[in-house]
Amino acid sequence: MKLSGWGSLAVLSTLLYTPLCLAHSQHTSNWAVLVSTSRFWFNYRHLANVLSMYRTVKRLGIPDSQIILMLSDDVACNPRNTFPGTVYNNADRAIDLYGDNIEVDYRGYEVTVENFIRLLTDRVPPDTPRSKRLLTDDRSNIFIYMTGHGGNEFLKFQDAEEISAFDIADAFQQMFEKKRYNEMLFMIDTCQANTMYSKFYSPNILATGSSELDQSSYSHHADNDVGVAVIDRYTYFNLEYLETHVKNASSKHTLADLFNSYDPVKIASTPGIRTDLFQRDLSEVLITDFLGNVQSVEVDGDGMRLDEDLLALARGAGYNISEAEWKEAMRGTREFYEASPSVSERSTLEQKTWAGPARVYKDGETDFWRTVMSAGAVAVCFVGYWLFSIVDKA
Amino acid sequence: MALRVPVNLRKNLSVVLYAFQALSVAAVIIGLASLLLLPLDEYSRRTYISENALLPGQVHAYFGGSEQNIVRAFRKEVAELGNSTSDVVAFRMAEIFRSAGLKVGQQKYSYKAAGGEYTGENVYAVLHAPRGDATEAIVLCAPWKNIDHILNEGGVALTLALSRYFKRWSLWSKDIIFLISADARAGPQAWVDAYHDLHGANVQSLSVKSGAIQGVVVVDHPGPYHRFESLHIMYDGINGQLPNLDLINTAVQISRDQMQLRTDLQEMWHHEDTYRHRLRTMLRGMVNQALGHSTGPHSSFIPYHIDAITLATHGDGWHDEMSLGRTVESVFRSLNNLLEHFHQSFFFYLLMAPKRFVSIGTYLPSAMLLAVGLTLTAIRLWIDPRSRSSTDDGQAVVKNAGEKGGDEKKKQTGDQAATIPKPIDGGPKRELFLPLSVVIGVHFCGVIPFAVFNTVDYKSMANVFYIFIAASFVLPMILATLIALTTPPRRLMQTFHLSRCFSLLFLGMFLSTLATLNFSLSFLIGLFSLPLTFARATPTSTPIALMNSILLQLTSPFAALFAVAGYWGLGVEDVLREASFGWWVWGMWTPAIVWCVWWPAWVVARVSVDASFVMAATGKVPVGA
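One line per chain: the protein sequences are A and B, in this order.
In the working numbering, each residue's number is its place in the first sequence (first place is 1) plus 776.
At position 462 of the second sequence the residue is numbered 457 (the working numbering), and the sequence of numbers has no breaks.
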């Protein structure tokens, strides 16, 4: 009865879980990697771009611990800054992007091609703090935003080196092989940006950029007191949409809506969208799938793993269940899953190797006699003490 | 030893000689024509800002409002001190700077040149960048008296007011030095020398210093008038060096686009951007560059690789000192944005309108071609058979072959080929001793005028100059007579020939080298030296010799000096004093080049021409003439 109870619970939870799974991304965490690659005061706008995106993803719920913010220069504290300690992305200076709640993970000269690729592929030195690591898994959706000065298939880092489209594509493939993402949204605002994602070949990547080959990306406007351009056009119009439409993390706006809002005339370049590597229909992909954090609490693990996890839980709770008994109880669920194609078979196999903290007893042995024995021992002690005290009084 | 030419050409050398002549003429013509083509749209370019960091005109300039009262007050202060001595002025200026909370330094200097003494006291103040690191500085300079010796009331008042105003901003990344130099010529030089510890005992060291100077803006707003019409941007440095084009472009863009101020270059007040105006602007710029003198306080900074310009007001219009102040403020905000020393844009260029220029790649060929014309002539003279000595037994016929065409030549060469088997490089040798000693000796003589004009007193300058003209007139004649009387006839023509050859060779090489450093000077000397290519010894034709002689006189360094004096409306002694002052104070090389390179080349040419008269007069007709 007990076992069948567990089985029905598993079936119930899977049935509840499955329809959600079809409509929504299968991710369980959201990460953002926001990179400004250019140095120097006159590139203020690139830092403002990135900080704007930082503000947006934080607004939509991604915690600082899951945002890797790479700022290649410190314009806020540049002596040339008319308003020390601030970064604004608009001449109205309504929002100080630098604020008092900002966590920069890679700063100044730490922003290099090497560090960026190491971050993506998690090939970092052992003493790297967690704040500088992209601790994602195959259920993480990653939003990668880059901005700086670029050209055909390259993006300049720090006025000293550049990352090529091939470098990023290969890094993403490594991420895929190391199961470091579920889906990825790559967004880049630079000159000839669309060439940067042209070399991607790993699955489940959606990419968008600000301008085509041989097209420049332009700044939107300058602040005449700060004395520099404060934001780029593509980022500006992305933000405009996000600020006016995606009010909170429960927003139902999709990436199709966002991409449809792009106006090449306003942006002054032709933004590109690459969907061929991406499995889902954009009109079903919520913006918050990438820019927001996972809001609803879900059972850890996918359907295939659920029964294994339940078995482990059951054993952990002390129930002595054999593999065969469990399979019998789970038959219904398994049949249901085997009918639909599995996406993450290998991970299931790996999952099986995990034994869990279960206490395993031989068949037929139960707790009852153990309990009786221990209770008896305690009783004997009390009786012994009582007898001894009587003898002592006498 | 001789130029290797195919044997058949050796027999028929006239083809080669004519080819060289044609080439050198073509080089000169193309060189001149290409200079005249430069102002056309196809050859010149619009200026543009290369340095991304500058961001000219992207900031609001806030200098205005009540600041105007402060400027007016300082103007009054300056006007009252107008007739005071330099030390009183420096004392009062230092007081004002100190009251604004700046570190102040004073510096006395004294230069001696052309019998005159140039003394004064500079005063300057350093505004440390509140959030900067004191490794770099920019300079705002106002000479107490401008280059025309007019009290720079507006400029000094504005500098004082701006020193208070700039102090209130916290956004400076570089220190700002406010310099009030005692004059516009020696003062800035003394200051910049001392700043780099390269000053002599006649100049005091600086007590306060800052970082490496990245840019200098000089404000020249003389006289009691508040209002002006346009900004005159002066940019020529000592020895024809120029500031980076980005600095000029920044100033032009800010004045024109942000402040709606007209900008002028090279005193072209009515520039309509036509071919004529562009050409005139360019030529005026070239004259300034060729002279290599200081056109304002900015000039002294440029040899230190510090980019500097002077913003001088001109005319009477609706702009007041506030417009000038805002322009300076905006230029300073741009300089403040700099991350590295100016390096992106051109250092070698010719400006023909405030927004149009040609860069070195386009203009260099014209000066080079002139120099090439001289060098080609030298090579032609070398391979010319007349440069070889004729033997006594009439072998000179071979050498005549080049000049005398026709069947006679064929017959003679045919005879020789039949009788004497000649080596390829055979024939009579060139006698080099005499021509080389003439050329080298005359070049050494160039030191004499150079030394004399740099030491002689201003009062006797004109007299010494006229004596020197007379001496230069007589010297070639004496040399020609000596050579003509002492040299055997068979070597006579050869001597003049080879001395011209060496002299032209040296001049050609020197000018092509100079063209990369001071294009204008090289071009102008090349232009004046054109007669040297054809002024030769013509013992058979006195009229040609006379014509050559007159042409040489018209294109002599003296004629050029008179031309320059006439151009500026000065006496020739003023030009010489300027040259002497330039040499002693600024380290100006123009007099050295004129006296030690150009003048000797001219003398050598004169020797050949004068020899024609001597030979004609003495009846000593050389063999082969």
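Quick caveat, the hints were computed from the structure, so don't treat them as lab data.
Here the structure is a predicted model, which means the values were calculated and not measured.
Positions of the beta carbon are idealized from the N, C-alpha and C atoms, including for glycine.
There's no promise every hint is true.
With the Cβ distance kept under 10 Å, some of the chain A side facing chain B (calculated, not the full set) [stated by the list, open to error]:
#	residue
1	C853
2	S1027
3	H1029
4	P1040
5	K1042
6	T1046
7	R1050
8	L1053
Some residues of chain A that are not near chain B, with every Cβ distance over 12 Å (derived) [unchecked claim]:
#	residue
9	R815
10	R856
11	D1001
12	V1004
13	K1023
14	N1036
15	K1169
Problem set entry | Restraint outcome when A/R1050 is required to lie within 10 Å of chain B by C-beta distance | violated (30 Å)
For this session: So, A/T1046 near chain B? Judge it on the closest CB pair being under 10 Å.
Result: violated (24 Å)
For this session: So, A/P1040 near chain B? Judge it on the closest CB pair being under 10 Å.
Result: violated (25 Å)
For this session: Classify the label on A/K1169 as holds or violated, using whether its beta-carbon is more than 12 Å from each beta-carbon of chain B.
Result: The assertion about A/K1169 holds, with a minimum of 88 Å to chain B.
For this session: With 12 Å as the threshold, tell me whether A/R856 passes as away from chain B on beta-carbon distances.
Result: violated (5 Å)
For this session: Take a quick look at A/V1004 and tell me if its Cβ sits farther than 12 Å from every Cβ on chain B, holds or violated.
Result: violated (6 Å)
Problem set entry | Given as non-interface: A/K1023, which should sit over 12 Å from chain B by C-beta | holds (34 Å)
Exercise. Should the interface hint for A/S1027 be scored as holding, given a Cβ-Cβ cut-off of 10 Å against chain B?
Worked result: Status violated, d = 36 Å.
Exercise. Closest CB-CB distance from A/D1001 to chain B, is it above 12 Å?
Worked result: violated (6 Å)
For this session: Classify the hint on A/C853 as holds or violated, based on whether any CB of chain B lies nearer than 10 Å to its CB.
Result: holds (8 Å)
Exercise. Just checking, A/R815 versus chain B, shortest CB gap more than 12 Å?
Worked result: Its Cβ does come within 12 Å of chain B, the nearest being 9 Å, so this is violated.
For this session: Under 10 Å, Cβ to Cβ, is where A/H1029 needs to be relative to chain B, so tell me if that hint holds or is violated.
Result: violated (35 Å)
When each numbered hint is compared with the structure, violations occur for hints 2, 3, 4, 5, 6, 7, 8, 9, 10, 11, 12.
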